[in-house]
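Novice: So the sequence lines, in the order shown, correspond to chains C and L.
The opening position of the first sequence corresponds to residue 15 in the working numbering, with each subsequent residue numbered one higher.
The opening position of the second sequence corresponds to residue 2 in the working numbering, with each subsequent residue numbered one higher.
You may find that some hints are simply not true.
Subject to a maximum C-alpha distance of 27 Å in a straight line, what follows is the list of computed DSS-like cross-link-like pairs (lysine-lysine) [stated by the list, open to error]:
1. C/K291 to C/K190
2. L/K13 to C/K81
3. C/K81 to L/K67
4. C/K336 to C/K321
5. C/K291 to C/K321
6. C/K180 to C/K115
These are computed hints drawn from the structure, not numbers from a lab.
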Amino acid sequence: MEQVLGNLNGIDFTLGETILELSYLISALLFVFGLKLLSHPETARRGNFFAAAGMLLAMITTLLLHKNPAGNGISLNNVWIILAALAVGSVLGWTIARRVKMTAMPQLVSFFNASGGAASALVALLEFPNASMGDQGSILVTILGLIIGSVAFSGSMIAYGKLDGKIGDIFSGIMKYVNLFLLLCIVAIAAFIMTSGQSPAQLNWAIYLLLAVSLIYGVMFVMPIGGADMPVVISLLNSFTGIAATMAGFIYNNQAMILGGILVGAAGTILTLLMCKAMNRSLLNVIIGAFGGDGGSAVQQEGGVMKEISLSDASILLSYSKSVVIVPGYGLAVAQAQHVCHELEELLSEKGVSVRYAIHPVAGRMPGHMNVLLAEADVPYNQLVEMENINPDMPNTDVVIVIGANDVVNPAAITDPGSPIAGMPIINAHLAKNIIVMKRGRGKGYAGIENELFFDDKTRLLFGNAKDSLQNLANEIKSL
Amino acid sequence: MEQLLIYFFTYKEAIFIIALSIFLGIEVISNVPSVLHTPLMSGANAISGVIIIGGIILVGHADASKISLELILGIFAVIFGTLNVVGGFVVTDRMLEMFKKKKK
Chain C
15 MEQVLGNLNG IDFTLGETIL ELSYLISALL FVFGLKLLSH PETARRGNFF
65 AAAGMLLAMI TTLLLHKNPA GNGISLNNVW IILAALAVGS VLGWTIARRV
115 KMTAMPQLVS FFNASGGAAS ALVALLEFPN ASMGDQGSIL VTILGLIIGS
165 VAFSGSMIAY GKLDGKIGDI FSGIMKYVNL FLLLCIVAIA AFIMTSGQSP
215 AQLNWAIYLL LAVSLIYGVM FVMPIGGADM PVVISLLNSF TGIAATMAGF
265 IYNNQAMILG GILVGAAGTI LTLLMCKAMN RSLLNVIIGA FGGDGGSAVQ
315 QEGGVMKEIS LSDASILLSY SKSVVIVPGY GLAVAQAQHV CHELEELLSE
365 KGVSVRYAIH PVAGRMPGHM NVLLAEADVP YNQLVEMENI NPDMPNTDVV
415 IVIGANDVVN PAAITDPGSP IAGMPIINAH LAKNIIVMKR GRGKGYAGIE
465 NELFFDDKTR LLFGNAKDSL QNLANEIKSL
Chain L
2 MEQLLIYFFT YKEAIFIIAL SIFLGIEVIS NVPSVLHTPL MSGANAISGV
52 IIIGGIILVG HADASKISLE LILGIFAVIF GTLNVVGGFV VTDRMLEMFK
102 KKKK
């Protein structure tokens with residue numbers, strides 16, 4: 015491994031270094047292939063495996079072959095420390111990932127993302143004193159890594175808390191300005207560090223201050239964002255972690271880190287924009303203009319009457335329908351009613367009713383939330399129909415069952431240009447012949463907007479916890 | 002400014018990689034069906050744990066003869082990175098497993 019292979023720009027390079035770089039190339043290719051395969055249902059699992067193999071390869075070769083600029087490898091003592099840390103992280107990660115309930119998936123993804131952000135911030139923090147004075151390029155990537163990593167960490171932790179129900183939405187108009195102020199502080203501190211002319215060691219206080227402000231900004235940035243916008247934020251924070259890893263890759267001039275990180279950064283950004291498009295809002299609008307706060311122009315409907323339906327009426331209506339479409343929302347996930355929902359759907363299918371699920375791209379709290387939830391309950395995925403494909407069938411649908419969804423079926427998005435959700439593509443539940451809405455109470459959705467669908471003449475409401483309602487309905491249908 | 006230009010020249014290969022990878026990232030995941038949004042995001046999240054390499058390098062060359070704040074924080078960086086990588090890949094696999102069994 016120590017054999018000198020050749021000389022590049024006056025520096026000898028050894029067999030070990032060459033093998034290390036070669037392994038990074040293979041890892042990078044595995045990341046790309048992995049991600050590519052992950053985007054097709056048939057190959058997704060293999061893709062995940064490829065990416066994991068790439069990661070493992072890069073980790074092993076780094077441990078065995080990496081040399082610092084002075085030409086020293088990693089000493090055996092340090093190898094043991096690293097192996098111990100790897101073991102702790104692996105056992106923890108494995109256990110958490112295996113044990114946590116499928117319904118807690120959005121929280122879990124946030125949590126893992128937070129830990130990646132923390133790792134990036136720590137690496138940048140610890141490498142900062144090693145940046146050589148006056149090397150503005152290295153200082154810039156180091157502080158960018160620190161800022162983005164910290165925001166990704168604290169933001170993801172808040173997202174985790176919100177999704178887990180531990181933290182509520184806090185929104186007030188001032189927060190917009192507080193956030194802007196914090197962002198300016200970050201830029202100012204960063205500019206100071208870049209231009210002060212002091213050595214990195216002297217600037218240690220500034221780097222810790224930058225860390226603190228970035229962490230606070232991450233908290234404040236996610237805090238006001240409403241539950242319905244969570245899919246966008248999670249995806250955005252995910253791309254932040256990738257970008258932070260890229261910055262750290264620059265610190266070490268490590269190609270595997272740079273490529274892996276930026277791939278995630280780009281993919282995450284695209285996914286984020288896809289989510290925004292699904293809500294017909296700009297990313298900026300999601301970040302600064304949380305829903306509900308100032309929907310001033312929205313025409314407040316003079317309520318009308320919500321008409322309830324009895325279980326027996328509902329079961330008869332459903333049993334004698336030809337086609338039924340179920341529109342699941344976050345309420346289904348909260349009530350963990352996916353299994354009962356599947357049971358009901360199978361009961362109806364046995365009676366010859368065609369049952370399909372209409373999936374809105376931003377239903378739930380993370381991208382594709384409803385798909386994962388229903389997959390857990392063994393719903394075949396060809397029964398899950400995307401919004402664009404189900405909407406044309408809506409007028410021929412006998413009954414639409416809306417379970418714990420609200421804004422994604424709110425016709426105000428089409429009819430009321432003043433509504434905060436105006437222009438958002440929705441599932442056209444209001445065009446169906448009958449609508450049954452399962453709701454916990456008479457409250458509004460996350461966006462805080464009245465939903466005129468609930469007052470529609472064709473709409474009947476079934477109040478109560480979604481799981482109980484579905485179970486009772488299923489029992490009722492069985493006894494018919 | 003001059004410093005940044007020097008930096009660009011020194012790291013030009015890496016900067017080229019970035020520029021091209023952005024397009025690659027966009028290209029690779031475009032047209033992904035929404036059924037895979039969650040696993041894709043989760044898998045990508047695991048890949049962003051590539052920061053673990055940085056953690057290994059950091060702790061690998063740290064002075065391990067005495068316990069210092071740097072060493073401890075470095076060890077935490079490795080643990081967090083591993084948590085991201087292992088947890089991310091395992092949870093993605095678990096999700097995809099659910100999709101799989103429906104295929105038959």
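Novice: Run every hint past the structure and note whether it holds.
Specialist: Hints, verified against the model:
Distance hint between C/K291 and C/K190 is fulfilled; the C-alpha atoms sit about 23 Å from each other, no more than 27 Å. A threshold of 27 Å between alpha carbons decides the hint, and for L/K13 with C/K81 the separation of about 22 Å falls inside it, so the pair holds. For the hint pairing C/K81 with L/K67, the CA-to-CA distance comes to about 21 Å; that is within 27 Å, so the pair holds. The hinted pair formed by C/K336 and C/K321 meets the criterion: a straight-line CA distance of about 23 Å does not exceed 27 Å.
Simply put, C/K291 and C/K321 have alpha-carbon atoms about 34 Å apart, too far for the 27 Å limit, and the pair is violated. Straight-line distance between C-alpha atoms of C/K180 and C/K115 comes to about 17 Å, which keeps the hinted pair within the 27 Å bound.
When each numbered hint is compared with the structure, a violation occurs for hint 5 only.
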